[in-house]
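Protein chains in written order, with this note's numbering: chain A, 386 to 828; chain B, 386 to 828.
Since the hints were derived computationally from the structure, they do not count as laboratory data.
Treat the hints loosely; a few may be bogus.
You can't tell identical chains apart in this list, so a pair holds if it fits in one copy or across any two.
To be verified - With a straight-line Cα cutoff of 35 Å, these simulated DSBU-like cross-link-like pairs (lysine-lysine) come out:
(1) K577 <-> K632
(2) K393 <-> K446
(3) K775 <-> K632
(4) K446 <-> K388
(5) K388 <-> K439
(6) K631 <-> K775
(7) K631 <-> K773
(8) K439 <-> K393
(9) K505 <-> K439
(10) K388 <-> K776
The residues making up each chain are set out below.
Number of protein chains: 2
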Amino acid sequence: MNKPSIPKGTRDFGHEETSRRNYIFNTIQSVFRLYGFQQIETPAMEQMSTLMGKYGEEGDKLLFRIQNSGEKAGEMPEKGLRYDLTVPFARYIVMHRQELTFPFKRFQIQPVWRADRPQKGRYREFYQCDADVIGTQSLVSESELIEIVKEVYRRLGLRVVMKINNRKILAGIAEYIGAPDKMTDITVAIDKLDKTGLEKVNEELMERGLSAESVARLQPILALSGTNEEKLQTIENLTRESETGKKGVEEIRTVFGLYNTTTREADNDSFSVELDLTLARGLNYYTGAIFEVKAKDVQIGSITGGGRYDNLTGIFGLPDVSGVGISFGADRIYDCLSTLDLFPSESAVQTQLLFAAMGEDEMRRALSWANKLRNAGNRVEVYPDLAKMKKQLGYADANHIPYAAIIGSDEMTSQTVTLKNMVTGEQRAMSYDELATFIKKNE
Amino acid sequence: MNKPSIPKGTRDFGHEETSRRNYIFNTIQSVFRLYGFQQIETPAMEQMSTLMGKYGEEGDKLLFRIQNSGEKAGEMPEKGLRYDLTVPFARYIVMHRQELTFPFKRFQIQPVWRADRPQKGRYREFYQCDADVIGTQSLVSESELIEIVKEVYRRLGLRVVMKINNRKILAGIAEYIGAPDKMTDITVAIDKLDKTGLEKVNEELMERGLSAESVARLQPILALSGTNEEKLQTIENLTRESETGKKGVEEIRTVFGLYNTTTREADNDSFSVELDLTLARGLNYYTGAIFEVKAKDVQIGSITGGGRYDNLTGIFGLPDVSGVGISFGADRIYDCLSTLDLFPSESAVQTQLLFAAMGEDEMRRALSWANKLRNAGNRVEVYPDLAKMKKQLGYADANHIPYAAIIGSDEMTSQTVTLKNMVTGEQRAMSYDELATFIKKNE
Chain A
386 MNKPSIPKGT
396 RDFGHEETSR
406 RNYIFNTIQS
416 VFRLYGFQQI
426 ETPAMEQMST
436 LMGKYGEEGD
446 KLLFRIQNSG
456 EKAGEMPEKG
466 LRYDLTVPFA
476 RYIVMHRQEL
486 TFPFKRFQIQ
496 PVWRADRPQK
506 GRYREFYQCD
516 ADVIGTQSLV
526 SESELIEIVK
536 EVYRRLGLRV
546 VMKINNRKIL
556 AGIAEYIGAP
566 DKMTDITVAI
576 DKLDKTGLEK
586 VNEELMERGL
596 SAESVARLQP
606 ILALSGTNEE
616 KLQTIENLTR
626 ESETGKKGVE
636 EIRTVFGLYN
646 TTTREADNDS
656 FSVELDLTLA
666 RGLNYYTGAI
676 FEVKAKDVQI
686 GSITGGGRYD
696 NLTGIFGLPD
706 VSGVGISFGA
716 DRIYDCLSTL
726 DLFPSESAVQ
736 TQLLFAAMGE
746 DEMRRALSWA
756 NKLRNAGNRV
766 EVYPDLAKMK
776 KQLGYADANH
786 IPYAAIIGSD
796 EMTSQTVTLK
806 NMVTGEQRAM
816 SYDELATFIK
826 KNE
Chain B
386 MNKPSIPKGT
396 RDFGHEETSR
406 RNYIFNTIQS
416 VFRLYGFQQI
426 ETPAMEQMST
436 LMGKYGEEGD
446 KLLFRIQNSG
456 EKAGEMPEKG
466 LRYDLTVPFA
476 RYIVMHRQEL
486 TFPFKRFQIQ
496 PVWRADRPQK
506 GRYREFYQCD
516 ADVIGTQSLV
526 SESELIEIVK
536 EVYRRLGLRV
546 VMKINNRKIL
556 AGIAEYIGAP
566 DKMTDITVAI
576 DKLDKTGLEK
586 VNEELMERGL
596 SAESVARLQP
606 ILALSGTNEE
616 KLQTIENLTR
626 ESETGKKGVE
636 EIRTVFGLYN
646 TTTREADNDS
656 FSVELDLTLA
666 RGLNYYTGAI
676 FEVKAKDVQI
686 GSITGGGRYD
696 NLTGIFGLPD
706 VSGVGISFGA
716 DRIYDCLSTL
726 DLFPSESAVQ
736 TQLLFAAMGE
746 DEMRRALSWA
756 NKLRNAGNRV
766 EVYPDLAKMK
776 KQLGYADANH
786 IPYAAIIGSD
796 EMTSQTVTLK
806 NMVTGEQRAM
816 SYDELATFIK
826 KNE
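In isolation and in its complexed conformation, chain A is listed as follows:
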């Protein structure tokens, strides 16, 4: 028998990791609920026809296909594991549109699967935490998503920058430099600015067919700096001839305005919102705002992203449904909190008390007292075997159980337990009532 293993890119989560992951999910979920988002769940497997062609050619290759064991090997499998939560959500809206009231605000926290090459921080099974508002073009939704991001990271104690862009601004710029059909090429190049530097980006733009003049006109955009408002003014001046560009500037101004009115406080060291034109993610389907969040104190990719899409459900035959959404990457957030040691110590739910019985009568009393304490809401264990004291206390130590209630023949006679503090080693005798009060107090 070979040693068992798990598929590459997947992970087991022990008690502590699961508690910490739940802490992240619960934090995100509580904030979603503050804003009225409703939780839904969709199946892990979708029809292949639902998934194929939605993530580009590269994405199609990363889909996991599912086959019944009964099916013949060569037969085309018709099901696949979901690749994200967005396409299943679009499918959900189309299938359930008669039951839904729009605007529809939903959140969803479930795993997704991608046959990516596994590497540090990239897994084949990982969780997404998505919130989307569907059926309204209101920029109030964008503003609320910014607030949600701010509140989630405030609660998690993580300092972040939220970057915002708008596809319409990018389109306006493409028009301004005389290359309206080259928006994607421009943004792909812009996206590399951080990594490869200005010179290489300019070279790449030429290779992608932009004229020297277009590249020249683009330079002020690539060099953009200052406050959000200073940047917006520069862009506004440059793109004044483009209706789309003007609309983009106006949208971002409105969102900033709503956000500032609502929160009534300046950005601070822990959270800031920055206009960033190099942000060009998801251009295949974002049509307005584009969001991305980066941790300030950890070198890691984007930990949250999203944007507005005007035709999400069009692929399933329901056109003209606008939506805007945000997706938190729980695994990367986990890595950040872990690196910075930001998990609260109480994120793991521990047993409060272990009964250690030295004989059969003692065991019966331990079980009875344990049951009474549990009825009062305490988390209590009874060591199930009549093992040596050392072994029983070792179990308490290994499981971080703070107190052990020892019952031997003396304690049977005096109707007490000897309560041992597993950290300090202190011991004292306690009656049931004293024990119940003590455990309640030390919860």
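The hints should help you fit chain B onto chain A, whose structure is shown.
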């Protein structure tokens, strides 16, 4: 474009269903934690070598296999979706045994997948909620699992019978009737007693190769009745020649004794434990106690099951690890609670208040007040569009939001909102402070 659909046997869960499912998961999980079980999670996909051959020939056919899109169609897929939580748990123990302290008490609440023919109440994706104690043969663990079952169903308000059997008793009976090698045949036949009746069962036993004498000796067992103790005495008398049988009777007596000592109360109308020899589930791997729970007031199969297995991890090269576990079937429990209307009304987390703004200034005030209320922990929405009042209030109605705070030009002047009770239709003007106090009080 065809109308989108989901794979047969799978389901979407809307807001209300998700809330109700979470209510079940949270109830089960809280009770598991009271007894010190620690949560772990394993990946949805396992190596096919981990899964194959663990569920019998029939089970192998029900495995879903997973293929990367990149892999060639005819290539043997090496991964599969987990079929239950037990085999992945056994694999987990073997892989992580160096990090674990035994006895190890874990719980796990995750979906499993089976390519079963879908039918009412049987799905291809469904959740299991498992708790197991590994690394001890103590019958205290059996007793605790009974208590856990009792407490979970007490909290859910569902009246149940917990049936208990012991494989050793079945083995003793097989010896007594002179057919020690026919235990599986006997139990399969006994299992059908309820469905096909005594006559058919006796016929089937003969067909399976039991002599007329063996079948005759089995009759008192098939006719067993009375209290648990009366049944145990009958069995004890019949199987006195069998060491295994005697051990089985002793084990069940001990478990009943521990359970009765612990709970210090007789079984009642809501919960009872019954010795039931026709209970023969999972004999392929159970070696001691066997559990099954049935709802008293709903006609549905087993809603919880489990038992002791003495060699779970042996299949992965780690012999002699005894364990006992229980598995709650969340989907059937859902159906029971739903049929009996037992979900608490507050199981769905709803928005408490909707702001309905009549203009742009009003919207800005609504956002600002909403944000302050959220900072105080209230779940508040702002209708994102400047739609007609009727539409905005219709949204509150459809989403069961109990109060709407309307802001028009009058309310702007007086620095108030008009708070409307969406059920009674009552309205009254409120300042921010009044509103904050009111919402807090009506949480």
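Quick rundown of the hints versus the structure:
1. Only within a single protomer do K577 and K632 lie at most 35 Å apart by alpha-carbon distance; the minimum there is 26 Å, versus 72 Å between protomers.
2. When the C-alpha separation of K393 and K446 is checked against a cutoff of 35 Å, the pair qualifies both within a copy, at 17 Å, and between copies, at 24 Å.
3. Taking the closest pair of Cα atoms, K775 and K632 come within 35 Å of each other only across two copies (30 Å); inside a single copy the shortest separation is 73 Å, beyond that limit.
4. For a Cα distance limit of 35 Å, the shortest separation of K446 from K388 qualifies both inside one copy, at 30 Å, and across copies, at 24 Å.
5. Taking the closest pair of Cα atoms, K388 and K439 come within 35 Å of each other only across two copies (16 Å); inside a single copy the shortest separation is 39 Å, beyond that limit.
6. Taking CA atoms no more than 35 Å apart as the test, K631 paired with K775 passes between copies only; the shortest distance there is 33 Å, against 75 Å inside one copy.
7. Taking the shortest alpha-carbon separations for K631 and K773, only the inter-copy value of 28 Å comes in at or below 35 Å, while the best intra-copy value is 78 Å.
8. For a Cα distance limit of 35 Å, the shortest separation of K439 from K393 qualifies both inside one copy, at 25 Å, and across copies, at 22 Å.
9. Taking the shortest alpha-carbon separations for K505 and K439, both the intra-copy value of 26 Å and the inter-copy value of 32 Å come in at or below 35 Å.
10. Proximity of K388 and K776 under a CA criterion of 35 Å is satisfied intra-copy only: 29 Å inside one chain copy versus 62 Å between copies.
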